[in-house]
Amino acid sequence: MEGISGLLEAVRKKVPLVHQITNYVTVNDCANATICAGGSPVMTDEIGDAPAMTGFASALVLNIGTANARVVDTMIACGKAANDAGAIVVLDPVGVGATEFRTSAVDLILKKVEVGVIKGNAGEISIMAGEAGKVRGVDSAGGSGATAAEALAKMTGTVVGMSGPVDYVSDGNKTYILSNGHETMGRISGTGCMLSSVTGCYVGTKGASVDAVAAAISAFGIAGEIAGRDAGGPGTFKPLLFDALYNMDGKAADRMRKIKPCTTSM
Amino acid sequence: MEGISGLLEAVRKKVPLVHQITNYVTVNDCANATICAGGSPVMTDEIGDAPAMTGFASALVLNIGTANARVVDTMIACGKAANDAGAIVVLDPVGVGATEFRTSAVDLILKKVEVGVIKGNAGEISIMAGEAGKVRGVDSAGGSGATAAEALAKMTGTVVGMSGPVDYVSDGNKTYILSNGHETMGRISGTGCMLSSVTGCYVGTKGASVDAVAAAISAFGIAGEIAGRDAGGPGTFKPLLFDALYNMDGKAADRMRKIKPCTTSM
Amino acid sequence: MEGISGLLEAVRKKVPLVHQITNYVTVNDCANATICAGGSPVMTDEIGDAPAMTGFASALVLNIGTANARVVDTMIACGKAANDAGAIVVLDPVGVGATEFRTSAVDLILKKVEVGVIKGNAGEISIMAGEAGKVRGVDSAGGSGATAAEALAKMTGTVVGMSGPVDYVSDGNKTYILSNGHETMGRISGTGCMLSSVTGCYVGTKGASVDAVAAAISAFGIAGEIAGRDAGGPGTFKPLLFDALYNMDGKAADRMRKIKPCTTSM
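Chains as they are written, first to last, in the working numbering: chain Z, 4 to 269; chain F, 4 to 269; chain H, 4 to 269.
Source of the hints: derived by calculation from the structure; they are not laboratory data. Treat the hints with care, since some could be wrong.
[To be verified] Here are the computed lysine to aspartate or glutamate pairs in the DMTMM-like style, where the Cα-Cα straight-line distance is at most 20 Å:
no.	chain 1	residue 1	chain 2	residue 2
1	H	Lys83	F	Glu103
2	Z	Lys114	Z	Asp87
3	Z	Lys83	H	Glu103
4	H	Lys16	F	Glu5
5	F	Lys114	F	Glu103
6	H	Lys16	H	Glu5
7	Z	Lys16	Z	Glu5
8	H	Lys254	H	Glu12
9	Z	Lys115	Z	Asp76
10	H	Lys83	H	Glu117
11	F	Lys16	Z	Asp87
12	F	Lys83	Z	Asp87
13	F	Lys261	F	Asp76
14	Z	Lys16	H	Glu186
15	Z	Lys115	Z	Glu134
16	H	Lys16	H	Asp76
17	F	Lys263	F	Asp233
[Unchecked claim] Chain F stretches covered by chain H per the calculated footprint, using a threshold of three residues with CB under 8 Å from any CB of chain H:
no.	segment
18	20-29
19	57-71
20	90-96
21	100-107
22	239-248
All C-beta atoms, glycine included, are put in the ideal place defined by N, C-alpha and C.
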């Protein structure tokens, strides 16, 4: 597998423009995470403006956290613009399954747009994987997480990143289990959204691959571990997370990385 | 009166889902304040999505800080959904009285939705209380603040929380005067909004009562005092405020609490 | 030229209300920068609400970073309200030239509203200045930056602030070259937007003049230098930037200030 350091250097050298149509709760954190990871963020969701902006981007992140009907239309228009321009589309299906609106929005995006990466939490990925993602029998090596990620990757032809205390990344054939991170990442709003932004930087630089998504997840998790050393709580954790992401030493990150291939087969 | 510690533990145990339709200026701070207070935030304002989300929530916070016509419609739809589901509605009437739009929005919400708590600053509560809230004669124990809070509580059948250097909480019968807090809370954007989120956590756990609202205000004010000890200014104050809220020791908070019953009668 | 200290005291004494229709990425930072600079922020973009709010304000900041069609309409309505009320309009033409939507929005605002200050980065100001802003011959004293700022100021009858590692401020006759600041200001999202907010405070207090805009740019750049001393990266830089802006000693700022008149003539 490819180390973090090579990809990290490539991102920093390219400074990929990552167009993000994301929720208004965490959008500032997404912008700063993008910069700290080595990319350049741009946010716009006006349908008369956004697809033109997508045309300049290396990746497009679609996050439905606070999407409304107007914005879903823009997401689809930008998704098509990204497909035309060769930009990688990263979908963050926040809350899919919780409401019909969200489920329909995700279905529509997947139908109209060629998505390169789906990045969600365990609940979201499992719901999207449906029956195919249910675990059959005992599975000590990967558990239901790996099964769900693999199943969704096969169903959609995407790379799936599933985040949580343990993360799984799969393209349906190759699956990694990642276990960097810090518990405080679950105590601040927006870590999932920020990870999608960082993922946009990596796949916008190297294309949508298991290795690129895994490197993004590892880099973000390692930044969390470093931030957790000095943080006094969730409030001071966030600035330290940005510092750690920005100051990351690729070689040191490779040494801190916890990754193993998943030996489960479906 | 009930201490902070018991309620704080109850909130942390329940982790109430607090649906918030709030302004885009302070929404990220509201999300993080909710988490640090022990709740779980969800923000959505699309009318096709939001009422379904309200159905899962223990409290609904409506903050009109940057509301537009579309969002006011969603607020009312979600308010009705909250009433149907038994979730407590907290209204933060930001800037009511300053413009006709805001005053009309507040009137409409109060007409269409059964609101449990109104949480505003002195100016907002006084304007809403109108003539009934004006002080008659000298009132050393509570001043016009207590009078306005009591009057508005009686008029609307809600619990009223009025924040400022001194805070008042009243259900029209029982009124508390609270005086925790730190001056830097007035030097950052969003403390009023965050307090409404924290209030949502408390009333979402224990129902709309004077004691629950008073505990939320005290907890937030005490977190401010703790943050103020080490902050170098408004910038470093905010992360420390989140840390203090998250790390709060209920027993220590009970000892720091400044609360007294208001002996004023109207 | 006027020092920072006198203007800073005037802002802190007046606490000007600065109405801001700005992007949802950096709006919270804009609110906090406004407070720390000595002003009072209000954000609203509902056309039924916002022009009434503008009527109370000393300055109106229009930032098109994430503008949509609805919001551009509100910007124009508020711009007219500002002109009627004598509030200074500050335009931040984020991304002008990058898309047709943005260019049209800026053109429309300049046509319908009397703008007092245009504050943008080098790319934005140069694009708006067009042919007239191109450097003719060698220009060691000011370079193309000064030429573009002067040209745009003359074309539009505004004061132009052009931010970057070196900043230029011009009203078409008098031009200053400013060089305070810190490289980390380019590593966080929103410094340009925050500077427009701070500029709103200064011109809302003293009117739109080269001296007022230059003082705002200098104050913000000096705050950045102070923040940069102790920051561990972009994450910890931002809270320290707010602290430095809030705690700024005007006399010390005058001593740190790097400003010189531009001797270029077009």
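Status of each hint after checking the structure:
For the proposed pair Lys83(H) and Glu103(F), the alpha carbon gap of about 19 Å is at most 20 Å, so the pair holds. Restraint check for Lys114(Z) and Asp87(Z): the C-alpha separation of about 16 Å stays at or below 20 Å, so the hint holds. The straight-line distance between the Cα atoms of Lys83(Z) and Glu103(H) is roughly 19 Å, inside the 20 Å bound, and the hint therefore holds. A C-alpha spacing of about 42 Å is found between Lys16(H) and Glu5(F), which places the hinted pair above 20 Å, so the restraint is violated.
Between Lys114(F) and Glu103(F), the direct Cα distance comes to roughly 16 Å. Compliance with the 20 Å bound is thereby established for this hinted pair. Simply put, Lys16(H) and Glu5(H) have alpha-carbon atoms about 17 Å apart, close enough for the 20 Å limit, and the pair holds. Proximity of Lys16(Z) to Glu5(Z) is assessed by CA-CA distance (about 17 Å); at most 20 Å being required, the pair is judged to hold. About 10 Å separates the Cα atoms of Lys254(H) and Glu12(H), which keeps this hinted pair within 20 Å; it holds.
With a C-alpha separation of about 11 Å, the suggested pair Lys115(Z) and Asp76(Z) falls inside the 20 Å cut-off, and the hint holds. The straight-line distance between the Cα atoms of Lys83(H) and Glu117(H) is roughly 8 Å, inside the 20 Å bound, and the hint therefore holds. At roughly 49 Å between alpha-carbon atoms, Lys16(F) and Asp87(Z) are farther apart than 20 Å, so this suggested pair is violated. A C-alpha spacing of about 44 Å is found between Lys83(F) and Asp87(Z), which places the hinted pair above 20 Å, so the restraint is violated.
Proposed proximity of Lys261(F) and Asp76(F) is contradicted: the alpha carbons are some 39 Å apart, above 20 Å. Our distance criterion of 20 Å between C-alpha atoms is met by Lys16(Z) and Glu186(H), whose separation comes to about 18 Å. Of the supplied pair hints, the one linking Lys115(Z) and Glu134(Z) is violated, its CA atoms being roughly 23 Å apart against a limit of 20 Å. Using a Cα cut-off of 20 Å, the hinted pair Lys16(H) and Asp76(H) is violated, with the two alpha carbons roughly 33 Å apart.
At most 20 Å may separate the alpha-carbon atoms for a hinted pair to count; Lys263(F) and Asp233(F) exceed this at roughly 28 Å. Coverage of the segment 20-29 of chain F by chain H holds in this model, with 4 residues showing a Cβ closer than 8 Å to a Cβ of that chain against a need of three. Counting residues of the segment 57-71 of chain F whose beta carbon lies closer than 8 Å to any beta carbon of chain H gives 4, which meets the minimum of three for the stated coverage. Closer than 8 Å: that is the beta-carbon criterion, and the segment 90-96 of chain F has 0 residues meeting it against chain H, so the requirement of 3 is violated.
Figure legend: the segment 100-107 of chain F, annotated as covered by chain H; annotation consistent (5 residues with Cβ-Cβ distances under 8 Å, at least 3 required). Here's how the segment 239-248 of chain F fares: 3 of its residues keep a CB closer than 8 Å to some CB of chain H, so the rule of at least three is met and the hint holds.
Comparing the model with each numbered hint stated earlier shows that hints 4, 11, 12, 13, 15, 16, 17 and 20 do not hold.
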